[in-house]
Every structure is written in C-alpha cells, then in structure tokens.
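Q: Chain Y is fixed; fit chain U onto it per the hints.
Residue numbers (this note's numbering), protein chains in the order written: chain Y, 1 to 393; chain U, 1 to 250.
It is worth saying that the hints were derived from the structure and are not from the lab.
The structure presented is a predicted model; accordingly, all values stated were derived computationally and were not measured.
Output of the computed footprint for chain Y on chain U, the stretches with three or more beta carbons under 8 Å from beta carbons of chain Y:
1. 85-98
2. 114-120
Over 12 Å on every C-beta distance to chain U, these chain Y residues come out as not near it, computed from the model:
3. I37
4. T126
5. Y298
6. Y317
If you anchor each label on the Cβ, the simulated ranges turn out as follows:
7. Y:G319 <-> U:W115: 27 to 37 Å
8. U:E180 <-> Y:G319: 43 to 53 Å
9. Y:Q366 <-> U:F14: 36 to 46 Å
10. Y:S123 <-> U:R70: 20 to 30 Å
11. Y:Q366 <-> U:P179: 19 to 29 Å
12. Y:A114 <-> U:V3: 39 to 49 Å
13. Y:W222 <-> U:G65: 25 to 35 Å
14. U:Y150 <-> Y:V102: 46 to 56 Å
15. Y:L324 <-> U:G15: 53 to 63 Å
16. Y:Y298 <-> U:P179: 56 to 66 Å
17. U:E133 <-> Y:F167: 53 to 63 Å
18. U:K66 <-> Y:A114: 27 to 37 Å
All C-beta atoms, glycine included, are put in the ideal place defined by N, C-alpha and C.
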Amino acid sequence: MSDQTLPLTGEVTSFLTRRARWSPLEVAFWLIALASIWLFPAKHLILTEICIWAMFALSLDLILGYAGIISLGHAAFFGLGAYSAGLIGKYGFIPEPVLALVASGLIASVAGFATSFLVLRGSDLTRLMVTFGVALVLGEIANKFSDITGGADGLQGVEIGPVFGTFRFDLFGHTGYVYALSVLFLMFVLARRIVRSPFGLSLQAIRGNPLRSSAVGIAVNWRLVAIYTLSAGYAGLAGAVLAQTQQFASLEMFSVERSADVLLILIIGGTGYLYGGLIGALIYRLAQDYLSDLSARYWQYWIGFVLIMMVLFGRVYGGILAALIIGATIWFKVDTGTSFVLTAGTLLVLGLVREPIVKWVALREQQAVVAMRRIRTRMKLGGHTESGHAGRA
Amino acid sequence: MPVVLETRGLDKHFGGIVAANQVSLSIEKGARHALIGPNGAGKTTVVNLLTGMLKPTAGQILLDGKDITRVEPHERVRLGIARTFQINQLFADLTPIETLGLAISERLGLGSDWWRIVGSKTSVTDEIIELIERFRLGDVMRERTAILPYGKQRLLEIALAIACKPRVLLLDEPAAGVPEDERHEILATVEALPKDVTVLLIEHDMDIIFSFADRISVLVNGALFVEGEPDAVARDPRVKAVYLGEAFDA
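Next up, chain Y with everything else stripped away, as it sits in the complex (with noise of 0.2 Å):
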C-alpha cells in the first residue's frame, strides 16, 4: 500500500480534478440532446418543457442535494421568475428575451436572498413550513394583484420579441426547444463548475456535519444563504423560460402541485449529482405523457406507485420493478380498478417482506464489488479505483 512517502503530487491532483473532467457519458448525454433538435422536430413541444422542468429540478439540487436544505415551496421562485418574464414582455420593458431572462432571474434571486434568512432557522420540517408558506404568501400576492398579474386569469397578452433580435419564436416551437435546451446547458456548466469549486465542496460539508464546518472556518449560514440565493435565481430562469416560451403565466407556477412535482422529480432521478433532476424531468414527463395515454384521469396513480417503490427498495431496484409491474398490466390488458387493486395489494404485500429482500440485494450488491474489486486488482488497475458505494441497508 501507499503508505511510505510517494510522489502523491500527480495522485491527489487527479484524485480532485478527476470529476471536473467531462467523462465520455456526459458528452454522449448532450450530444444526444443536442441532435434531438433534429431527431424529434415534432416533440419539439414536450422537449421543451422537460428542460424547463429540469432546469427547475436543477435548481433545487443546488441547495437539496448539496447544501441539505428541504423545500417544499421552490415554485416560489419559478412563479416570480415566470411573472417578471411575462410583465417584462408584456409591458416591453426589455425586448430582448435573453436579457428579459437575465433580468428576470435576478427578481427571483433577489426574492431568495430575502427569504434566505428565514429558511436558515432552524430543522428541516421548520424549512419545510417556511419555504411552503413563503410559496403560498407569494402566491396569493399575485391573486390578489389581478390587475397586475390577471389574476385567475392568468397573465394575458404577453408579447416576446425575437431573440438576439433575429430569432422569432414560433408556433411548433422549433425557437423554443432550442432556447430552453441552451438556457438550461448553460445553467448546467454553471452549476457544475460551482459545486466542484471550493464553494461547493464547502457545501457539502455543511450538509454532512455544520458542527465541524464551523469549527473548520467556513461561515456555515453565509454560505447557505449564498446557495439559496442562487437557487431562487434559478428556479426564476426556468419560469421565466416557461413564461417566455408560452407568452403566458399563471398561478399556477406558484403553485404547491408544482413544488411537490419538482420535488418527485428531483427524487426520481436522485440528488446530489446534477444530472437527477435532468433524468428525473425526462422520465417524469415522459412517464406522465404515456401513462395519461392508458388512464387521462387516473395517471398519478402510477407516479404515487413508482414513488413508494423507489422509496421501498431504492431507486434503481424500486424503479425497474415498479417499471416490470407496470409493464405487466398492460402486457396482460388488466383492466384499470382490477390493477390498482392488484398492485396497490401488491405494495401491502412487500412493504411486509421489505426487510429480508434487502437485505439479500445488499449482500448480493457487497459479493458484486468485492468481486469486481478481484478482478480489477487482478488486471493491475487496483489502487485507482474509487471505493464502491457503501450499499445502504
């Protein structure tokens, strides 16, 4: 082993660098995004909301899965955002939607900082109370200003000029996919390189021990208030891109479905690496699209099916098997009540036998990488390797 001194100097650097690094996955990931402006020009509608809802995702990343901060009112910010993009176009006070974004995004961020300051108090259900009631009182702000906002209504008369003052945007959406897929690859870069700076990792040990971090010299609340901050911003960017790409908000975008479906979304895809809420949009929206297709009115089911699956076994394990249930009813024409029956009997029936199957999977996943381990050392690539997850039971 490395004990005795070695030239560590190349080994740490690389160690730290290693995941600044783009790896081969992640260009493959947005090159893919990239050609889908040419694949699927007819879902150029559906594209574009799934970078709006992972653009929203993203933001709550920011401070869920790095910083640990719970939120249950982020649409707070997605409705500023979304309203100031639509006041800004409707009354024209900046033409050009890129900068009417930009702007837009600092009214959220603004809103952020201000809130910040309550949400830092205290435990996580007190985040959660606070940052839901600052979502509802902005909300209703916005009702009760109907003749600003419309109201019920909803922000009528929004009017977005061509961006770069060339490119108009159009009725499919062509314009629009190709906005919000650069707003939200721009926004990514950003983050990316945040939470690998010394800032982010700062985060990150406040989230594991805020005891520690202040006994380290970081200024704990400061750097919380900083990250929210730039989650707000954020989250505002994406209703704006909503707002701009419909020439419409509502208040909806403030609403609680919203925060709770950002929330799942996020969860879905997982926290704490970037790409979750990326995922997560995709299969959330996806997923709703297919399965509003099987039953209009009762497609939450299944969300709510994935959800305590996920929960139960995990995500990657609880998914598939949610995914194999699913595809079962479908695969066998089970009719809609006699499979809400079936499976939600089914979920009784596992949260039972939760434990031992677990346990299994985790004995089996600990066999997995020790013998992925052997074989690694065995071909002389030991040692730089990075430790496998420890599997949690």
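A: Just chain U now, kept in the frame of chain Y:
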C-alpha cells in the same frame, strides 16, 4: 512567556446546572497545558466556550489580550483557535483528501471561490499531501470517511484541526476509544507539533498527561481546583482525594 489565551471568570449555566464556575485560565504561548478532572467536571464545556460553540453566561475570553467573547466560532478559527472533538466530527461522505482540501482552502481564503476547481491550486494540494503523509492516511485517502477504520478517523480528526494551522490547538481526548497499540501513533503526531503551537489537552489517561504536559489545571464541578507544574499537581493531596474518590482509572 506571554499569555496567548486567557479566560476571566467564565460562567456557563444550563438552566439550574452550573457547568463552568468562575473559570479563570491563562495559557502561555507554546505551552503543553493539560486540563484534567473527573467525568462531568466541565472540561468539554470549557473547550466549547473557548471555541465559541457555547456562549458564556458571564465572563470573558481573551486571545492575545483582545476580547473574543462574542466572536463567532468560524471567525475564531481564522484568529488561530482550532479544536478536535471527543467524539469524531467528520464529513462522512467526503474522502480524507477532500476533507483536508476543504479546511486548507478555507484557511487560504478560497472558501467562497465558486469558480476554480478544488484541486487546481498547488498551494492546496501540497499541503494536503504533507498532512496525508504526516498522519499516514495515504492508503485510505480516496475512501469515504464513513468507512475508514476508527484509528484512521481519529487521525483525520486531528489532521483536520492541524489543517487550520492553529496557534492554539484544543485537543479533546485525542486518544479516546483508540486501542492501546494505536495510541502511540496519535500521541507521536501530537508531540511532533511545532513548539510555537500552544496546546490545551483534555485527557483521562495519566500516562499521556504526565509525559506530555508542562502545566496542569484540574477542574472539579465546573471550577478550577488546582493548577501548577505536573509534579506539584501529582503530589497535591487534594487532587489525589478527588481522583481516588472516584476510582482512579488510569
């Protein structure tokens, strides 16, 4: 020697319980000062007061003669006071490399840098390597802290405090829970600290205390009981009485 860290009439009450009672300590520059006392004497409370994790009910704390009683914990670290914890307080999801890189980045004022990547500064990586070698963490430096053996975690706990380059280091039972055969490793690193670093050590093990300390303060029921050179303290009949009274466990 000039006094680096001083407390004047420090009181801490938790409701009706008096955890610190008129504690007036002065620690000289470069001292190896031990704070001992029976369980529940308030030793950790004193460390928490010195580092700002608790606010005193009354009294003052001075660093180099300047009042720091109201200074926030993280600012005290910048002023040169660092500590270790009796029970490991580490970052479970970070590796030793990242843990040390974090503390070093903070000390060099890079902590709010959100643009550069963590390992891009050689000033940071050089120090990480130095600490990893000094604390023999090389073979586990890429592992998550949560899965490290206890002895390694204990070393990291101390290395993390050293990474803050303190002028005053407060060690709260550094060898606690470490098996006998691994203790020497921890003690060796503590003994190898530069002479100008002032150390306040809390410890139960009498062998460690008498081999390490050049001054001892005895705390009983939150109050300073006896203070002096190790020999004098060892001979003091009152100290013997306190320790014998509660079954001397050395």
